Amino acid sequence: MGLRTGTFHENYAEEMATFNSRLRWGLVAALIVVLFLCPFFLSDRMLTILTTMGIAVVSVHGLNILTGYCGQISMGHSGFMAVGGYTSAILCAELGWPFWAALPCGALAAGIAGLLFGLPSLKIKGFYLIMATIAAQFIIIWIIIQLRSITGGTDGLLVPKPTICGISLTSKANYYYLVMFFVVLATITAHNIVRTRAGRAFIAIRDNEVAAEVMGVSLWSYKLQAFFIGCIYAGAAGSLLVHYVRFASIEQFPFMDSVWYLGMLIVGGMGSTAGAIFGVIALKLLDELVTVSGPILAAAVAPQAAASLALISHGLIIIIFLIFEPRGLYHRWEMIRAYFRLWPYSHEASE
Amino acid sequence: MTFFLQLIVTGVAQGMVYALIAIGFVIILKCSEVFNIAQGHFVLIGGYLGWTFLVLLGLPIWAALLAAIATAVIMGLLIERLMLRPMVGKPVLAVIMMTIALSTVLGGVATLLWGAEYKAYHGLLPTIIMKVGTISIPSESLIGLIVSVICVAILMFLFRYTKIGLAMRATAEDLQVVQSVGIKATTVYAVSWVIASVVGVIGGILLGGVSGANMDLANIGLKAFAVVLLGGVNSVGGAILAGIILGMLENVAAGYLDPILPGGGLAQVFPFFVMIIVLVFRPHGLFGLAHIERV
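These protein sequence lines are chains A and B, in that order.
Per numbering that gives the first Met the number 0, numbering of the first sequence is gapless, rising by one per residue and ending at 350.
Per numbering that gives the first Met the number 0, numbering of the second sequence is gapless, rising by one per residue and ending at 294.
Errors might be hidden in some of the hints.
[Said to hold, decoys possible] Simulated coverage check for chain B against chain A, where a stretch passes if three residues somewhere in it have a Cβ under 8 angstroms from a Cβ of chain A:
1. 77 to 86
2. 90 to 104
3. 111 to 118
4. 266 to 274
[To be verified] Counterexamples of contact, computed for chain A against chain B with all Cβ distances above 10 angstroms:
5. N19
6. T66
7. L118
8. F126
9. Y127
10. F137
11. W141
12. L168
13. K171
14. F180
15. T188
16. N191
17. S307
If you're looking for bench data, these hints aren't it; they were derived computationally from the structure.
Because the structure is a prediction, the values reported are computed rather than measured.
Backbone N, C-alpha and C define an ideal beta-carbon position, used for all residues, glycine too.
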């Protein structure tokens, strides 16, 4: 990808900068301002959609670091979200902790769970690691059911209303602000973690484990770091989700969600921060489309058509992306940008 | 003692079910290095196909079996041609995501066609009831055992004495060499998917005939992966033995520990505990080949 005409990199700092022109700075700042102005002109329903999207973005950023950058495929992400969600729910409901203290503790607990279940990754990879993380998902949910006395088991757990500095976060708009704050925070940290020494080590491990180890990258340390960081994001997202619904139950963290998070990553484009966001938006929009068109289809074809539509459409969209656009929406977006940047000399756009 | 023996026998029955699913999985893996997460969904489709042909269309058993196998062959060919052929040579994650997407599509198709309902067709398949002393041997155990043994015998013969079997083993060994001596790898892949889908559908009909067809058939598929890992991913015989071992362990553990544990449901997660233990201590399983990585 070339640079925009008139933009030059004259030193290393400019080369590494996130934004290489004032225009991009301005666009991103404008986007954030628009995000925070949304509650003033959007309906409650739209805010709900955006809030759930935001929570998914936080979670998928974690999965992107773990899977997209470090190459350690996790199919138990929803389980790690459950650890974070339940930890902060228990701290708030049973011990009366304030929300702002419970959320980081939930994230930390999920990180520790990630370390634990990341241990097999030191010995296995690929399909075997997927199996180990699927096992993690089911074992975590089972343990939550077993600890009935503190988690409420299958009945779930009521969570008190979250407040920060005396401001109640019960209204949709207030919670939306909170989630968007975390989305911005997660995006900035995710984007910067992969530019550090650890991030470069992650990429080296993803591209070739043996070569990375020979070059002095400690697999033991960096794989576990990737699991820890990825699961911290999951824990924060799980905590946000539980406090949003003000109820913690195992039905909020189903196995299929873990699959869809990976699907979001594939649709958006693995190994790019923007890709994670694109993927979440695309699949969540598809969800909404299914929700809206479901009743119409159920009336027109058969009552079970609505339920099957969700499964088939999600499956098909992932199949289509895997075959025709394996690098995801982010890659397509870059191609479109390059096309306009080079227009009318588009033949220059050969990478 | 009777309690223990009954647990063991029930466990073997459960284990045969796992083994049937695991065999189809191992075949695809052996030939094309694809980890087929959707194997449990072949069983699901098979269960519902059995109901469609036996109850809805009222065919005799032999005709229903032939019709189901024909459907399975078409399904296997379509899946291989449309979904897996474009994925040849792609990274592991992409291929696995493809089979996961396939499993959701198959689940969606089953929901659309059969409404995710419980469909029973007891008494339409021949049942065998055996009693040894006070312990009754459930007929799914016997039927599962017989069918698994027949499947394995046919597959062993196929792998050892036929040309296509040799081609399949060679493809598993080295794709490039196989292509250079003029074997069409795509044919081998297609055959392996057809076999897996037929095995899955037959298993589904048997299970459906014994305990009815419902969406849970697909969930058993997920647990069958513990069997595959325990037996070693590339061993057909190992899959059967591991299925029996795991089924017994699961039932004994659940039978004795569930009354102690508050939430119960140990049988549901037991295979996953086994999975983790196997993966940490013996990743290639009991009978699998250890994988050595070279740069």
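Going through the hints against the structure:
1. 77 to 86: holds (count 3)
2. 90 to 104: Since 12 is at least three, the answer is holds.
3. 111 to 118: Holds, because 3 residues of the segment 111 to 118 of chain B bring their Cβ atoms closer than 8 angstroms to Cβ atoms of chain A.
4. 266 to 274: Held - the segment 266 to 274 of chain B has 5 residues with a Cβ nearer than 8 angstroms to chain A, which meets the minimum of three.
5. N19: holds, 30 angstroms
6. T66: violated, 7 angstroms
7. L118: Non-interface label fails for L118 of chain A: nearest chain B Cβ at 7 angstroms, not farther than 10 angstroms.
8. F126: violated, 4 angstroms
9. Y127: Nearest chain B Cβ is 6 angstroms from Y127 of chain A, so the label is violated.
10. F137: Given a closest Cβ separation of 5 angstroms, the condition is violated.
11. W141: The claim is violated: W141 of chain A sits with its nearest Cβ about 4 angstroms from chain B, within 10 angstroms.
12. L168: At about 32 angstroms from chain B, L168 of chain A clears the 10 angstroms cut-off, so the statement holds.
13. K171: holds, 31 angstroms
14. F180: holds, 32 angstroms
15. T188: holds, 24 angstroms
16. N191: holds, 25 angstroms
17. S307: violated, 4 angstroms
Hints 6, 7, 8, 9, 10, 11 and 17, counting from the list given before, are not met by this structure.
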